[in-house]
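Keeping their order, the protein sequence lines are chains W and H. Here the first sequence stands for residues 421 to 766, where the numbers follow my numbering. Here the second sequence stands for residues 33 to 389, where the numbers follow my numbering.
These aren't lab readings, by the way, just hints derived from the structure by calculation. From a predicted model like this one, the values you see are computed outputs, not experimental measurements. It is possible that part of the hints are untrue.
[To be verified] Listed below are the simulated DSBU-like cross-link pairs for lysine-lysine, each with C-alpha atoms no more than 30 Å apart in a straight line:
(1) K266/H <-> K471/W
(2) K471/W <-> K84/H
(3) K289/H <-> K207/H
(4) K207/H <-> K266/H
(5) K383/H <-> K266/H
(6) K207/H <-> K84/H
(7) K471/W <-> K383/H
(8) K471/W <-> K202/H
(9) K471/W <-> K207/H
(10) K283/H <-> K471/W
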Amino acid sequence: MDTPSRSEHTPSPPDLVTPPGLTSPQTGLAAASAASGRARLGDRLFAGASKGSGILLLVIMAAIAVFLAVRATVAISANEGNFLTTFEWNANANPPVFGIAVLAYGTVVSSIIAMVIAVPVAVGIALFVSHYAPRRLAQPIAFVIDLLAAVPSIIYGLWGALFLVPHLTGLNLWLDEYLGWTVIFDKTNPAATPRSLFTVGILLAIMILPIITNVTREVFLQVPRAHEEAALALGATRWEVIRMSVLPFGRSGIISASMLGLGRALGETMAVATVLSASPVLTAHLLDAGGGTFAQNIASAFKEANDMGRDALIASGLVLFVITLLVNGAARLIIARHKEYSGANA
Amino acid sequence: MSTVTTRPADTAAPLPEGLKQRRLPSWAPLGIAVVSVAAAVGAGMLFGLQSKVQWGLIAALLFVAVSFALASAVEGRRQAKDRLATSLVWVCFLLAVVPLASLIWTTVGQGSKVLDGYFLTHSMAGLLDIQPGGGIYHAIIGTLEQVGLATLIAAPIGLLTAIYLVEYGKGTLAKAVTFFVDVMTGIPSIVAGLFILSFWLLMLGFDYSGFAGAMSLAILMMPVVVRSTEEMLKLVPNELREASLALGVPKWRTITKVVLPTAVGGITTGLVLAVARIAGETAPILLLVYGAPYINNNPFEGAQSSLPLYVYQQYVNGNAASYDRAWAAALVLIIFVMLLNLVARGIAHWKAPKAGH
């Protein structure tokens, strides 16, 4: 009922116009619209450029898949062997005969060995840094681990081939002697240098350790203090605190960190190329030299490859690309799900 | 008064028998460690195990087993489990430190053999593999040029993409970009090399060149730049943006004049770390740059070399002189990468956002 009367009292817009001393409304508006026109052009250009870069990234990803697939079809259609089950890699021959059986086996096995060694140790180090190390030591240790993640893979490869391989001879003999009955640790030729998938797995484990440790440590540091203090207040020992509050909270973090490490182990090239003595054999004896991985085969066979050989290598690269894509995508999905449901971010 | 004086006396009174626990003395872990290392060395000498790896493993196992046994005898099951976990965690830490320390130790020790001024200023032109001498000048030139070009390509694209994701991005496109940037981080370097090979060399018909290598390095660098820049832009407080926009400053001026300067320290750190990451990449360089033994200053034409590729080639040569050169080049590479990392951390420290914004 009051509303109409109130509207009568409200001042009309002209009353609010600037005093005559300032610019007239007309010119002020014109200047403003010119300025906003410039601004809008600038804004449009900038927004367009940044959006364009984002799209460019997607285009590059798509282009990688398409270009690899195009060359791969050329190679696979000329292939006389079965691409999935053939052992040998004679892509330079005429007609070309090649298959990824040995490479897939070697890639998977060496990565599994690496994960079996690296994940528990990395979780241990992450716990050490976040919960066990003296506070004054924890920061420098984390810093050193960061630095070690930056050591180029070729240096791991050089060290692995010239230092680790000779130092693993004894361990190999010991494994062969006492665990030989498990078949996987049975070494057919005990005198051979251990340039085997097992050695590659150990080296890969050392290489992916810093990454897994870093990501896991970040997650462990995010565990809500209240959870840990509640457990301590109930009289839990330090291990019980970790088992009851830290590990459950960090589980998906550990999983995704491991998968990131796995992605790196699957695609690692130089360290495998320097250490492994490759041959087209597929054996369950992990200590025997021989075998190969996708990335190692590409690096080693590239120099002597003719046109068809290159296309065949690209085909194997496509398989590697798809595998790492799946592994990394899965890791990211786990991380994303964790972010949404984690109580720590609330 | 009387209550005040009695309270401390209450707590100081001895606990009832049931609540007291027998504990191992605080020097026990150290003592067990010393004993088990000594035992492992003894066993190693006795049984003639030539590999030090085994000595270490025996010591580690002994340490874990003995501390568990002692603790469960003296302190009870729960405490023993706790001891077991503690000793396992320490063993993990030492297990990891030993190879990593050995890596650095070996590289420095072997690398300093032939590393001198001559090595840094000469190429391998006209030298047989088995001859001593030669140097890495051509490889240093190649690495600097390829990494520089890759940065020139990747940095603007990465920065703009991060700006898009933080300042503009909404909806499906932004989600897709975020996801694929994450996935792109995990692309094996050799796959990036194969892509440039099939696109630039096989389809467009260009020859091996430093630029081809730089493009593949740029692909590896882009997602790293996007990720780190994105994190930094997210840290810029929204109040700054709102204040600027409220003054009528257009959005793009707000981003370039307010948001980016605020985050510049973190963005630079991320860039330098990304450079450090690609400087050590070997696989794509192996496919695309080919590795010339002579000096080629032009990255757009003809084969070049690079430090990591040089290390690999010298390793493949497989003779004493080559191994020496490989270690020396590896040492130079490691120093280069570590310096970049330290510079990045220095920038982060120096440009860290001051408190109170």
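Consistency of the hints with the structure:
no.	hint	in the structure
1	K266/H <-> K471/W	17 Å, holds
2	K471/W <-> K84/H	56 Å, violated
3	K289/H <-> K207/H	27 Å, holds
4	K207/H <-> K266/H	16 Å, holds
5	K383/H <-> K266/H	16 Å, holds
6	K207/H <-> K84/H	51 Å, violated
7	K471/W <-> K383/H	28 Å, holds
8	K471/W <-> K202/H	11 Å, holds
9	K471/W <-> K207/H	13 Å, holds
10	K283/H <-> K471/W	14 Å, holds
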